[in-house]
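Let the hints inform the model, and build the full structure from the sequences given.
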Amino acid sequence: MRILVTGGNGFIGAHVIGQLVANGHVVSSFDVSEPSPVVESIEDEVSFVSGDVTDPVEVYDAIARFEPDRIVHLAGLLGHASQARPRAAFSVNVDGTFNVLEAADGLGVDRVIAASSAAVYGDVSSDVDRLDETVPRRPTSVYGLTKQVVEDIGSVYRDQRGLQFTAIEPVHGLGPGRRRGNLQDVSIVKAAVAGERIPVPARSNPFEIVYVEDEARAFVDAALADDLPNDRYLIGSGERTTLVDFVDAVREHVPNATFELEPVENEDRLSGLPPSNTTRIRGDFGWRPEYTISEAIGAYVSWLRDNPSSWEFDRDVVPWSTE
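Numbering (my numbering), first residue to last: 14 to 336.
Since the hints were made in silico from the structure, they are not lab data.
Just to be clear, a hint being listed does not mean it is correct.
Stated by the list, open to error - Distance windows between CB atoms, simulated:
1) S168 - V70: 23 to 31 Å
2) V39 - E209: 35 to 43 Å
3) V141 - E275: 26 to 34 Å
4) D108 - R210: 19 to 27 Å
5) P69 - S139: 37 to 45 Å
6) R192 - L120: 26 to 34 Å
All C-beta atoms in this analysis are idealised placements derived from N, C-alpha and C, irrespective of residue type, glycine included.
Here it is in structure tokens:
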């Protein structure tokens, strides 16, 4: 199958490409950035096209030239950047999605799988024990709002144009290649492997993590499935942690890691979302997370050690550092 991946050089995109190539599919990556180090070993097997999803002509031309059977649409502006640049967030996330859907529909592509986010749920009622797709979407951030619009636009194309569309709603992802967005957990793991000592706020707010290979597999499963029974799928590990517990889990894999746990007087919510219930995607595609949080950390640590030239520890991305 021929599959075009927008944002294919990004965090999830690189792993989606890797899994598709490993399964014998012909893949093209459409992105404004350079290829991720994650796909370095398979660069010769992928067609990399430089382009911007906000430009409808570039999007149309890329799809017309490659003639994909299906599209995995991952290009987008992430949370912190969206909050800081709301106009750009709507341009990239919303207009970019419209450009992809319009071109796909016009050129006869039968399916588009789009990246959404668990951020669409935002302010969840305190009586919700498990988050699933039946919970009302009430985004509280610019990013979450743009992703809600992405879902709704896609549903219109699904219902009125007959385009096979579904949105995948991941919780926070961890793993090789993450360079943007909330980098707190990434910084902790990288600091441990690099032998750096950094301050970490001793927050007790729970948050959920899913390993990037599990994230990518959800997009691949949806892209390759025979049918798409639903237009939205929440994915996550179903397991929450805190920064304090996360640090302890990192120490299991890097015993000599040292951190400065700092008390927090007024905790803001790192994530107010309850743990995910992924019954829908398990039932439709058989998807389930293969990595626990500890296993995800271990896999990430191993990748960092095996690829020392592909990353470096940068104190500038540690959001709580006072140095």
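Evaluation of the provided hints:
In this structure, S168 and V70 meet the distance hint of 23 to 31 Å, their C-beta atoms being roughly 26 Å apart. A C-beta distance of roughly 41 Å is found between V39 and E209, which places it inside the suggested range of 35 to 43 Å. Our hint of 26 to 34 Å for V141 and E275 holds, since their Cβ atoms are close to 31 Å apart. Taking 19 to 27 Å as the suggested C-beta distance range, the pair D108 and R210 does not conform, at roughly 44 Å.
For P69 and S139, the Cβ-Cβ distance of about 43 Å falls inside the hinted range of 37 to 45 Å, so the restraint holds. A hinted range of 26 to 34 Å for the beta carbons of R192 and L120 is consistent with their spacing of about 31 Å.
Comparing the model with each numbered hint stated earlier shows that hint 4 is the single one that does not hold.
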